[in-house]
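> Sequence:
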Amino acid sequence: MSMKSSIAGKLEAAFSPERLEVINESHMHAGHQPGFDGEGETHMRIRIVSAAFAGMSRVARHRAINDVVKAELDAGLHALAVEAAAPGEPVRW
Numbered sequence: 220m221s222m223k224s225s226i227a228g229k230l231e232a233a234f235s236p237e238r239l240e241v242i243n244e245s246h247m248h249a250g251h252q253p254g255f256d257g258e259g260e261t262h263m264r265i266r267i268v269s270a271a272f273a274g275m276s277r278v279a280r281h282r283a284i285n286d287v288v289k290a291e292l293d294a295g296l297h298a299l300a301v302e303a304a305a306p307g308e309p310v311r312w
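Okay, so the sequence shown: first residue is 220 according to the numbering used here, each after it adds one.
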């Protein structure tokens, strides 16, 4: 299973989102480090809307997501961009 699929499955199970996108942005970072060609799954963006985030601060939302994907972070996920919202909150995507 790909890291992207693993992350999506874990987020679905943990937050029952009404909207979820997990985007691999690794290719956008090619050349940022010597020898990094942008292949693989090292940079991800999560866009998620879930009622579970209602009343939570932005930091609390990020911490909750980081807790869910800890295994992926420990396994080499280098960067994680998080755009989390509760239903009814404005999003830019």
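Just so you know, the hints here were simulated from the structure itself, not pulled from any lab data.
Careful: at least some of the hints might be erroneous.
[Said to hold, decoys possible] Here are the computed distance ranges between Cβ atoms for each label pair:
hint, residue 1, residue 2, range
1, H297, G274, 17 to 23 Å
2, D293, E237, 14 to 20 Å
3, P306, H281, 15 to 21 Å
4, M275, M220, 15 to 21 Å
5, R264, A305, 24 to 30 Å
6, S224, G274, 17 to 23 Å
7, H281, S235, 25 to 31 Å
8, P306, R282, 19 to 25 Å
9, P309, S221, 28 to 34 Å
10, A273, S221, 29 to 35 Å
A virtual CB, placed ideally from N, CA and C, is assigned to each residue, including glycine.
> To test your reading of the hints: which numbers does this structure violate?
1, 2, 4, 5, 6, 7
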